[in-house]
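Engineer: Sequence:
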Amino acid sequence: MLIHKKDTAVEDLIGLLRGRRTLVLTGAGCSTESGIPDYRGPQTRLKARNPIQYRAFLSDPLARARYWARSMAGWPHIASARPHSGHHALARLEEHGRITGVITQNVDRLHQAGGTREVVELHGALEEVICLECGDVTRRETMQQRLLALNPEWDVTATEIAPDGDAEIDYSRYIHFHVPACTCCGGPLKPNVIFFGENVPGDRVERAWRMYDQSDALLVVGSSLAVYSGYRFVLRASKDTLPIGILNLGDSRGDALAHCLVRESFGASMPRIAEGLLAF
77 MLIHKKDTAV EDLIGLLRGR RTLVLTGAGC STESGIPDYR GPQTRLKARN PIQYRAFLSD
137 PLARARYWAR SMAGWPHIAS ARPHSGHHAL ARLEEHGRIT GVITQNVDRL HQAGGTREVV
197 ELHGALEEVI CLECGDVTRR ETMQQRLLAL NPEWDVTATE IAPDGDAEID YSRYIHFHVP
257 ACTCCGGPLK PNVIFFGENV PGDRVERAWR MYDQSDALLV VGSSLAVYSG YRFVLRASKD
317 TLPIGILNLG DSRGDALAHC LVRESFGASM PRIAEGLLAF
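The working numbering numbers the first residue of the sequence shown as 77 and each following residue consecutively.
Simulated from the structure, these hints should not be mistaken for lab results.
Careful: at least some of the hints might be erroneous.
Cross-link-like lysine to aspartate or glutamate pairs, in silico, DMTMM-like; alpha carbons within 20 Å at most [claimed, not checked]:
id	residue 1	residue 2
1	K315	D331
2	K315	D289
3	K315	D292
4	K315	E282
Distance windows between CB atoms, simulated [to be verified]:
id	residue 1	residue 2	range
5	D231	L311	41 to 51 Å
6	T317	P228	25 to 35 Å
7	A344	S156	35 to 45 Å
Beta carbons are placed, not taken as given, at the ideal position from N, Cα and C, and that holds for glycine.
Build the full structure now, drawing on both the sequences and the hints.
Structural biologist: And the structure:
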């Protein structure tokens, strides 16, 4: 019978997962070591954030200008981020059949850059831009060049990077910011990510559940599980009595359901976990 343990060691987590095909659920804590801030980490949780709301983006041109101005400043930082040893360790585990894949709440595509092939992006990807009218999808880098061309007077170098891949910019400047429209139909453009107040597409959730059905253990990495889109997998795993491991620096909403809880960083611990699981 599985016993719930708290603040265990990496070796305990290896023992929990050994011999089991594991589904990995990841959050923003996996990306902080690549230089991308998170919302609920030890430092960022101390500062109030005002993320874009889906309804406001749809209805308010100034809200869209606010988003794209901040995004134009923050995108070079996101685009230059690189995967680290933790991402590469997950890819090795997938290559050797130890994990069924990764369900991620991140939008930075660092898992794919690190070599993992089976990735469900619950919240989409900043790499893509979608037209809200015709559905045309283009690359974010193309959008960046259009933004820079329309706003040549904007300095995007001296800004504080924020968790959404954007940056802090004085509110008074948004009214003067020019946002490009879709080149196909002239419609409004949105990053192909899930905003607050927006639902995850059903087909994406179904793919994640299919990955879950192929697994007999769940490992949560770098997530506070504050958002239900990820937390639901922990609830289901607990109901199904699957072994649950959590690797996270801070507290998470799923801690009480975990059989192993390791308070370490993804980059420092995941290579050791991979080494332990691949040794047998």
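Engineer: It remains to establish, for every hint, whether it holds in the given structure.
Structural biologist: A quick look at each hint next to the structure:
1. Distance check on the hinted pair: K315 and D331 sit about 15 Å apart at the alpha-carbon level, within 20 Å; holds.
2. Restraint check: the Cα-Cα separation between K315 and D289 comes to about 13 Å, which is no more than 20 Å; the hinted pair holds.
3. Restraint check for K315 and D292: the C-alpha separation of about 13 Å stays at or below 20 Å, so the hint holds.
4. Between the alpha carbons of K315 and E282 the distance comes to roughly 18 Å, so the proposed pair stays at or under 20 Å and holds.
5. The hinted window of 41 to 51 Å between D231 and L311 holds, with their beta carbons roughly 46 Å apart.
6. At about 59 Å, the CB distance of T317 to P228 disagrees with the hint of 25 to 35 Å.
7. Under the hint 35 to 45 Å, the C-beta atoms of A344 and S156, about 22 Å apart, miss the expected range.
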